[in-house]
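**Q** For the record, the sequence lines run as chains R, G and Z. The first sequence begins at 1 in this note's numbering and counts up one residue at a time. The second sequence begins at 1001 in this note's numbering and counts up one residue at a time. The third sequence begins at 2001 in this note's numbering and counts up one residue at a time.
One or more of the hints may lead you astray.
Rough simulated footprint, nothing fancy, chain Z against chain R, three-plus residues with beta-carbon under 8 angstroms [what the hints assert, rightly or not]:
{"#": "1", "segment": "16 to 29"}
{"#": "2", "segment": "57 to 66"}
{"#": "3", "segment": "443 to 451"}
{"#": "4", "segment": "499 to 508"}
{"#": "5", "segment": "516 to 530"}
Here are the simulated lysine to aspartate or glutamate pairs, EDC-like style, with alpha carbons at most 20 angstroms apart [to be verified]:
{"#": "6", "chain 1": "R", "residue 1": "Lys25", "chain 2": "R", "residue 2": "Glu535"}
{"#": "7", "chain 1": "R", "residue 1": "Lys3", "chain 2": "G", "residue 2": "Glu1194"}
{"#": "8", "chain 1": "R", "residue 1": "Lys125", "chain 2": "R", "residue 2": "Glu245"}
{"#": "9", "chain 1": "G", "residue 1": "Lys1246", "chain 2": "G", "residue 2": "Glu1183"}
{"#": "10", "chain 1": "R", "residue 1": "Lys447", "chain 2": "Z", "residue 2": "Asp2208"}
{"#": "11", "chain 1": "G", "residue 1": "Lys1311", "chain 2": "G", "residue 2": "Asp1278"}
{"#": "12", "chain 1": "R", "residue 1": "Lys464", "chain 2": "R", "residue 2": "Glu295"}
{"#": "13", "chain 1": "R", "residue 1": "Lys3", "chain 2": "G", "residue 2": "Glu1200"}
{"#": "14", "chain 1": "R", "residue 1": "Lys503", "chain 2": "Z", "residue 2": "Glu2052"}
{"#": "15", "chain 1": "R", "residue 1": "Lys462", "chain 2": "R", "residue 2": "Glu304"}
{"#": "16", "chain 1": "Z", "residue 1": "Lys2309", "chain 2": "Z", "residue 2": "Asp2279"}
{"#": "17", "chain 1": "R", "residue 1": "Lys3", "chain 2": "G", "residue 2": "Glu1154"}
{"#": "18", "chain 1": "Z", "residue 1": "Lys2011", "chain 2": "R", "residue 2": "Glu475"}
{"#": "19", "chain 1": "R", "residue 1": "Lys447", "chain 2": "Z", "residue 2": "Glu2013"}
{"#": "20", "chain 1": "R", "residue 1": "Lys112", "chain 2": "R", "residue 2": "Glu67"}
{"#": "21", "chain 1": "R", "residue 1": "Lys532", "chain 2": "Z", "residue 2": "Glu2238"}
{"#": "22", "chain 1": "Z", "residue 1": "Lys2057", "chain 2": "G", "residue 2": "Glu1275"}
{"#": "23", "chain 1": "R", "residue 1": "Lys25", "chain 2": "Z", "residue 2": "Glu2238"}
{"#": "24", "chain 1": "G", "residue 1": "Lys1157", "chain 2": "R", "residue 2": "Asp10"}
{"#": "25", "chain 1": "R", "residue 1": "Lys118", "chain 2": "R", "residue 2": "Glu67"}
{"#": "26", "chain 1": "Z", "residue 1": "Lys2106", "chain 2": "G", "residue 2": "Asp1198"}
{"#": "27", "chain 1": "R", "residue 1": "Lys3", "chain 2": "G", "residue 2": "Asp1212"}
{"#": "28", "chain 1": "R", "residue 1": "Lys3", "chain 2": "G", "residue 2": "Glu1216"}
{"#": "29", "chain 1": "Z", "residue 1": "Lys2057", "chain 2": "G", "residue 2": "Asp1198"}
{"#": "30", "chain 1": "R", "residue 1": "Lys326", "chain 2": "R", "residue 2": "Asp290"}
{"#": "31", "chain 1": "Z", "residue 1": "Lys2309", "chain 2": "Z", "residue 2": "Glu2273"}
{"#": "32", "chain 1": "Z", "residue 1": "Lys2215", "chain 2": "Z", "residue 2": "Asp2109"}
{"#": "33", "chain 1": "Z", "residue 1": "Lys2106", "chain 2": "G", "residue 2": "Glu1201"}
{"#": "34", "chain 1": "R", "residue 1": "Lys438", "chain 2": "Z", "residue 2": "Glu2238"}
{"#": "35", "chain 1": "R", "residue 1": "Lys157", "chain 2": "R", "residue 2": "Glu245"}
{"#": "36", "chain 1": "R", "residue 1": "Lys447", "chain 2": "Z", "residue 2": "Glu2273"}
{"#": "37", "chain 1": "R", "residue 1": "Lys438", "chain 2": "Z", "residue 2": "Glu2013"}
{"#": "38", "chain 1": "Z", "residue 1": "Lys2106", "chain 2": "G", "residue 2": "Asp1278"}
{"#": "39", "chain 1": "R", "residue 1": "Lys428", "chain 2": "R", "residue 2": "Asp380"}
{"#": "40", "chain 1": "Z", "residue 1": "Lys2057", "chain 2": "R", "residue 2": "Asp10"}
What the hints contain is simulated information worked out from the structure, not anything from laboratory work. Note that the structure is a prediction, hence the values are computed from the model and not measured. Cβ coordinates follow ideal geometry from the N, Cα and C atoms, glycine included.
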Amino acid sequence: MNKPFAVVLDASTSLCNKTGSWRTKRPEYITRLPPCNSACPAGENIQQWLYFAIEGKFFDAWKVMVERNPFPAVIGRVCYSMCEKACNRAITDGAVNINLLERSIGDLAIAKGWEFEKNANYPGKKILIIGAGPSGLSAAYFLKKLGHEVTIYDNHKKPGGMMRYGVPRYRLPNNVLDTEIKRIVNFGVKIICDKKIDDICAAIKEFDAVYIAVGASIALKPDVKIESGSNIVDAVGLFQKLENEDKDLPYLGQTVLVCGGGNTAIDAARSSLRLGAKNVKIIYRRTIDDMPANENEIGEALAEGIEILCLRTISKVDKNKIFVDKMNYDREASILSKSGELEILYADSVIFAIGQSVDKDMFSNIEGINVSENGVIEVDENMMTEIPGVFAGGDAISGKRTVTHAIAWGKKASNYIDAYLRSTKVTKPPKNEVITFKRLNVAYYTKNPRKNVFIPMDISFKEKDTSYSGKKIIEEASRCFSCGNCFHCDNCYGYCPDGTIIKHKDGSLEFNYDYCKGCGICASECPCGAIKMIEE
Amino acid sequence: MLCQLEGSQAIARAIALCRPKVVCAYPITPQTHIVEGLGELVRSGELSECEFINVESEMAALSVAIGSEAAGVRSYTATSSQGLLYMMEAVYNASGMELPIVMTLGNRTIGAPINIWNDHSDAMSARDAGWMMFFAETNQEALDLHIQAFKIAEKTKNPVMICVDGFILTHAYERVDIPSQEEVDKFLPFYSPEVCLDIEEPLAMGAMVSPDYFMEVRYIAHIKQMKAIETIGSISEEFFQKFKRKSGGFLREYEIDGAETVIVSMGSVAGTIKEVIDELNANGEKIGLLSLICYRPFPADILNKALKNAKKIIVVEKAFAIGIGGFLSREIELAIKDKEIVSVIAGIGGRNITRSMLKECFLQKNNNQSTKFLGLNEGIIEAQ
Amino acid sequence: MSSLTLGNRIKSENVTIQASRLRPNTISSGHRACQGCGEALAARCAIDAAYEAANGKIILVNATGCLEVFSCATPENAWKIPWIHSLFGNAPAVASGVAAALSNQKRNDIRIIAQGGDGSTYDIGMGCLSGMFERNDDVLYICYDNQAYMNTGVQRSGATLPFTRTATTLPNSKYMGNDPQTGKNVPQIAMAHGIPYVATASIGHIHDLEQKIAKAVQINGARYVHIHVPCPLGWGFEPSKTVKIAKLAIKCGLFPLFEAENGKVTKSTPIDEVIAVDDYLKAQRRFAHLFSKSASPDPLSFLQKIADKNIEKYGLKKGISNE
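Sequences and hints are given; from them, build the entire structure.
**A** Okay, here's the thing in structure tokens:
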């Protein structure tokens, strides 16, 4: 064709002009640490399993969960949900209901009979774990995953530790716990119950390593003057009796006062109702917003008619006369002080749910295992006691005593034990920067306020079924902002004025720096802060 | 077929025979009758498969033609005077984009002061716009030139402007021989451009051109137009073969053999000049006429050859540039060296060019004035 | 996940063409638009949408201006489709010519789009545009409105907002930028011609833009779509903020999104949360003089009144419609 010179041009010849040379800043896809993942003691990759859940890939979601936590259905019921408190969506229209989603997917796994994927038989070492609580079971699971042979001894009738003896059944039914423990057994972990271990030193000879995960079973004594004749109960003791279906249940009476602010306090209060109490009050030192207990649990307790008396502490119990100090709390300065005002309440029983400590007597005759003043076993930075090969973890070494923390300790311990057995060191992967709310472009998320599920329940020990099924899981999971990680919304691709982003068949995106002028619209319009402009 | 027709109507009939697909125009005297005629032919169905568009200005008129021509169909428009100036940006654009549009220019002077009558000022304003320009001497030639124009334009990829003296030709009734559709179809093939806006072969037309290439673009355009002289010659020859009538080409000679003085003119004034020459030569003068038809490309070599025996050249021109003088005479000076060339500015703003004026002018000897204004009212000039 | 993003990895409905891996990319990479150019983005969004709606049968006519210069300069042409540039003021007429030629060839399946900036649309090309409208020629005209002559260095146009600082309306002790008594509203002028379709759109709302273009392309006769395209250089904001600024203009009511058929407004896009014009204006240096300590509050309230009027006139408050 005889085209007029220069005035008439062929199509798309601009591609030879590599405008990337104009650039002074380069966009890059990055992965930032979502606040939920960061806040999770067990380090669950929550965002990743939500990502799969949104796509309806529940099995994949569950697999992601159990990479960090062998008890999704349990944790989905008992966790304090630090993730939800950290969730960026909490700032706009309510945190994603992560806990409920975890429970729902955990329940789905139980219903479907999903099992852990067995890894190739690795000729591992023999490890003894003392205590089949969350930390011990978790360590067993992770060590088994690493290829070791694991045996757990527990002195209770059944495995589960605080999961079984520290949480009332309406909150965590036995079948859920039993199935999740059974799954670990199916995975190849040996659990021997009703077994006391007297000689740890002897055990060490039989095993290559020992992990002490005995928990903190002794209830803390309250700093309260208690006159004789007063009916004082500790929460853990109460739950244990309930679990063992003890005929010798303590008399709680009509009016019960519970002291504490955690889930255990709520559990104790609600259990009291279920044991026939008519008037139950919780006394807490700070405000209701400061209570560590789950928002849902508090809500349900209130719904059941439990009263929460904040900014109060018990100073004295004299039979059924309870002397209460009113408190002042300056949250900014974190200063708690007595206001000087007094109050007298009446109760048939007082339940203290203020924490536990390690059973010191257990280790009194073992050299090399020391229990500190504040009631924890002393370990080095590798979680090892003074006895080589003997490790300790969970509630036994930490003040943060939640099931989730315990599971995290189990995972951690598994790494240190494995490293010890292989004579290597645990290397911690670098932690990405946590993404803050201001890095998000929240205008791109459709408004969809959190729906808190309050299903009225019978006041009984039967659990109410709040788990979501498939469609609802997807719906709630879809509320995830995917903070700091690309969720393939294609904003960068669509908004680039220079068409420099390549979208691959699988939906993945790639910058073509040949043409990118570095304007930064992609980073600016990324809803989730997954693009960073880097100086060149 | 012989017909007694107004010049504008003759042109309209010629255009219709060329089967344009798009005709657009804006009314301006004295061009108006041409498009009125075409409008009627389209409405009556005599000119079928043609879009007739009433546009809102001359700028739009030529722009519509640019669009339709770029889209690959034969397109035509017409204008005059102010209208040409108003569309001037598009005039340059059409040639720069190598779009073979054909446009009739009903010659008329340019204001201010406003004046609707004939001279060549409008044509001269477009002489550097890259178009090919032809001047018709008679209505028959106007008709013939339009038929040739499409062929020249489409073959050379260059727009063509046919200049027709306003009123003198456009509004004059003359006998014209209108060829048959069949004859015209044989002469002028269906238009199918190599380059156009085509979804199958997407091209960009009208790109911005930087200093790196612009000079070459202009040089190529110049060379192409100079080379087109050959094409113009052969098409005029072909026209003669097919229609048995000499029309178009570069120039027409009258009494040139042995002429000592040769008059050069463009357009209809040749008729009057011929009458004067007849009268003067009967009295023993040796005067000839060279009527220039093809003004752009400027056929310098052909002119030089035709004027080689002349001792004196008198250029009768219907336009001049204030501050320097006649256009055509200056251009002839470039082609003809060492001959006495007199520029006679005549007929400006429709002023009558009478035989007596011309006679006096042609007979004047030893004049040291190189530019004369024919028929100037000395009384007014002196009063001013 | 959200329906407000351009794409969605789960759902296929309410996803923009721009999010599609197979989008036409009618304007190729390598064009010479400035960093963060709103017009370059708008052109790809609009012409891609048109291309899809017309099964790839599009011819473009471009007026002189930024878009023309950055997209097609020898030897580099960014366009993937047939394209012609003639002059600054004649694009609508050239498009009429192309339409006439195609109609003559019975190729009404090929859709013609003329496009230009606000300079060519509002000012120099107004005559040709009005002619094209009143003849109801089968052309879709797209105006990319960046509210001044950007290609020549930010001079005032008929689309420049009151009190804007441009190179020819510099604020000083006597003047507060562009004269508030000037300017015109071309969408309204287009509607006054009674043409079948007029719409306003913005790169701040690509879903809406694509739908309007797709609709416009399929209608016969003269159509006008007016797209708001922020210009980082001329307006004075970071190139990364182009889309944000466009969204602010919509949210404050200064750029109303609506559709009109046969001269009557038929639909408007409501604003989720109306913001004050200040939030939009102060993000741009062209209005910085309105926020200086000594500045009178009158210009801001004048501009706020324009926005309020738009909100009322086009029923932009959620739940309140003027239909």
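**Q** With reference to the structure, classify each hint as holding or not holding.
**A** We went through each hint and held it up to the structure:
no. : hint                    : verdict
1   : 16 to 29                : holds (count 5)
2   : 57 to 66                : violated (count 0)
3   : 443 to 451              : holds (count 4)
4   : 499 to 508              : holds (count 6)
5   : 516 to 530              : holds (count 9)
6   : Lys25(R) - Glu535(R)    : holds (4 angstroms)
7   : Lys3(R) - Glu1194(G)    : holds (8 angstroms)
8   : Lys125(R) - Glu245(R)   : violated (39 angstroms)
9   : Lys1246(G) - Glu1183(G) : holds (16 angstroms)
10  : Lys447(R) - Asp2208(Z)  : holds (19 angstroms)
11  : Lys1311(G) - Asp1278(G) : holds (19 angstroms)
12  : Lys464(R) - Glu295(R)   : holds (17 angstroms)
13  : Lys3(R) - Glu1200(G)    : holds (16 angstroms)
14  : Lys503(R) - Glu2052(Z)  : holds (18 angstroms)
15  : Lys462(R) - Glu304(R)   : holds (15 angstroms)
16  : Lys2309(Z) - Asp2279(Z) : holds (17 angstroms)
17  : Lys3(R) - Glu1154(G)    : holds (14 angstroms)
18  : Lys2011(Z) - Glu475(R)  : holds (13 angstroms)
19  : Lys447(R) - Glu2013(Z)  : holds (18 angstroms)
20  : Lys112(R) - Glu67(R)    : holds (18 angstroms)
21  : Lys532(R) - Glu2238(Z)  : holds (16 angstroms)
22  : Lys2057(Z) - Glu1275(G) : violated (61 angstroms)
23  : Lys25(R) - Glu2238(Z)   : holds (13 angstroms)
24  : Lys1157(G) - Asp10(R)   : holds (19 angstroms)
25  : Lys118(R) - Glu67(R)    : holds (13 angstroms)
26  : Lys2106(Z) - Asp1198(G) : holds (14 angstroms)
27  : Lys3(R) - Asp1212(G)    : holds (18 angstroms)
28  : Lys3(R) - Glu1216(G)    : holds (14 angstroms)
29  : Lys2057(Z) - Asp1198(G) : holds (9 angstroms)
30  : Lys326(R) - Asp290(R)   : holds (16 angstroms)
31  : Lys2309(Z) - Glu2273(Z) : holds (16 angstroms)
32  : Lys2215(Z) - Asp2109(Z) : holds (15 angstroms)
33  : Lys2106(Z) - Glu1201(G) : holds (19 angstroms)
34  : Lys438(R) - Glu2238(Z)  : holds (18 angstroms)
35  : Lys157(R) - Glu245(R)   : holds (12 angstroms)
36  : Lys447(R) - Glu2273(Z)  : holds (12 angstroms)
37  : Lys438(R) - Glu2013(Z)  : violated (29 angstroms)
38  : Lys2106(Z) - Asp1278(G) : violated (56 angstroms)
39  : Lys428(R) - Asp380(R)   : holds (17 angstroms)
40  : Lys2057(Z) - Asp10(R)   : holds (17 angstroms)
Checked against the numbered hints given earlier, the structure breaks hints 2, 8, 22, 37 and 38 and satisfies all the rest.
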